[in-house]
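Take these sequences, add in the hints, and give me the full structure.
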Amino acid sequence: MKKITSIILLLLATTTLFGQAKKPTIMVVPSDQYCISRGYTLVFDNMGSKVTLPDYKKALQSDLDLKLVISKMSGIMADRGFPLKDLEQELKNLESQSAELAMMTSKTSGAGIAESPIDALKRTAKADIIMDLSFEVKRQGPLRYITFVLNGLDAYTSKNIASASGAGKPSSAVQTEILLEEAVLSYMDEFNGRLMAFFEDAFAKGREVKIRIQMFQGMDFDLESEYNGKELSEAIEDWMAANTVQGRFSLQDATENFMQFEQVRIPMVNDKGRAIDTRTWLRDLQKHLKDAPYNIESKLYMRGLGEAWLILGEK
Amino acid sequence: MKIKLLLLATTLTMGITLQAQSKKEIKAYYGSQYNVEIMTLGVGNDGTKLFKVYGYGKSVDEATFEAKRNAISAAIFKGIPAGGGAAPTPPLTTDPNAEVTHKDFFDEFFKPGGKFLQYVNLSNDGTAGGSDRVKMKKGYKVGVVVSINHTALRKYLEDSGVIRRLDSGF
Chain A
5 MKKITSIILL LLATTTLFGQ AKKPTIMVVP SDQYCISRGY TLVFDNMGSK VTLPDYKKAL
65 QSDLDLKLVI SKMSGIMADR GFPLKDLEQE LKNLESQSAE LAMMTSKTSG AGIAESPIDA
125 LKRTAKADII MDLSFEVKRQ GPLRYITFVL NGLDAYTSKN IASASGAGKP SSAVQTEILL
185 EEAVLSYMDE FNGRLMAFFE DAFAKGREVK IRIQMFQGMD FDLESEYNGK ELSEAIEDWM
245 AANTVQGRFS LQDATENFMQ FEQVRIPMVN DKGRAIDTRT WLRDLQKHLK DAPYNIESKL
305 YMRGLGEAWL ILGEK
Chain B
2 MKIKLLLLAT TLTMGITLQA QSKKEIKAYY GSQYNVEIMT LGVGNDGTKL FKVYGYGKSV
62 DEATFEAKRN AISAAIFKGI PAGGGAAPTP PLTTDPNAEV THKDFFDEFF KPGGKFLQYV
122 NLSNDGTAGG SDRVKMKKGY KVGVVVSINH TALRKYLEDS GVIRRLDSGF
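Read top to bottom, the protein sequences are chains A and B.
The working numbering applies: residue 5 is where the first sequence begins, and numbers increase by one.
The working numbering applies: residue 2 is where the second sequence begins, and numbers increase by one.
Derived from the structure by calculation, the hints contain no laboratory data.
Please read these numbers as outputs of a predicted model, since none were measured by experiment.
For every residue, glycine included, the Cβ atom is placed at its ideal position computed from N, Cα and C.
Some chain B residues close to chain A (C-beta under 7 Å, calculated; not the full set):
#1 Val44
#2 Gly86
#3 Ala87
#4 Ala88
#5 Asp168
#6 Gly170
#7 Phe171
Given below as structure tokens:
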């Protein structure tokens with residue numbers, strides 16, 4: 005009887021843990037190649053050199069094929085429990101948000117909204133996983149077929165976590181819209197299969213994130229300063245080894261001023277069963293460094309679900 | 002001379018035994034649910050997939066029934082290969098021992114007249130002929146074109162707790 009109760013409790017605990025991990029947001033974004041090859045571009049002069057950037061707004065407003073493909077993909081993903089963030093809607097929201105922020109004042113003193121240049125810079129359309137999409141209707145004599153490339157990119161590690169690509173069956177009888185729909189249906193199962201493997205890997209080995217340690221200018225210490233006979237960078241590495249899943253992380257690069265950690269595996273939930281992201285996880289290091297013998301103040305900067313920076317020296 | 006003859010006879014006997022054993026193995030090999038003969042023909046709307054699949058049986062009907070079961074079995078355990086302009090579809094289960102872990106469920110699901118029949122439709126039921134119907138020593142090998150409702154099958158398995166949802170854990 006005790007055994008049965010233990011098993012039930014264990015199962016419940018597992019379900020609770022799994023039920024609380026932070027869900028990544030996913031957005032379909034037309035690839036740079038797709039936008040630039042069709043002339044959906046923004047060109048500006050960057051100190052004498054011409055820079056061409058994709059104009060997503062223009063692409064979404066004028067390309068019906070693109071909208072059809074995104075709509076079909078959104079339907080499939082919503083059905084799988086991952087409603088996609090809509091890029092067009094996100095761009096509209098950001099525009100109206102900027103206008104509202106600029107106009108808003110307090111009732112009593114008339115003060116405007118506090119906004120640093122970083123805050124303004126952060127107001128961009130973003131998601132944790134980008135579905136980078138390219139497709140093209142090609143011809144082979146009288147036949148038409150679709151080439152389709154879909155890459156799932158982790159926005160923080162820049163890793164390609166899922167992909168599906170190929171060419172469809174040539175046809176002369178079917179409309180292009182049907183061919184596009186068929187292409188989405190053909191490739192989404194393969195894509196989702198890989199996405200599933202990525203999520204299973206994250207639950208087994210932890211979420212893969214990126215951490216950066218930086219120094220504010222003019223501090224009287226750096227990452228080579230010694231505390232109890234150990235350099236600060238070494239103490240940070242020790243903390244990382246103790247707090248990552250199975251001690252998995254790699255120090256990509258380091259000087260006395262910065263440390264760049266990649267492939268850092270953080271748990272999906274903490275000891276209390278609460279879902280955590282990189283910022284929540286790194287806050288423990290912030291607290292650790294605030295204690296003796298370090299007594300270091302630091303600023304915790306979030307770059308999204310999967311990346312955070314800790315800037316040492318001041319808040 | 003006698004010894005030579007004896008050696009020759011022994012070698013021949015061994016050869017026959019080995020051959021018989023390998024034939025047995027081949028039979029078992031084709032009976033495995035992991036080795037379904039399947040050829041993708043295309044994808045359809047609303048999560049349907051069209052492919053040609055083969056079944057073996059003492060009669061044509063029996064072979065056709067086995068082909069239907071093989072179609073669903075492939076979708077769940079093996080995955081559907083690429084073809085007909087469609088990308089490969091991974092197996093619905095990511096657990097390599099799913100058939101053992103959920104043995105009771107699958108025994109019930111795949112029994113004659115079981116629920117698996119809800120998710121498979123024949124496009125040429127009862128008309129397998131020509132090269133799609135091969136008379137063998139002890140029965141028939143039949144190839145049929147089937148369409149399976151892959152999305153509905155996945156949802157049923159997810160709801161039954163046999164496979165994980167893509168968003169499970171979040």
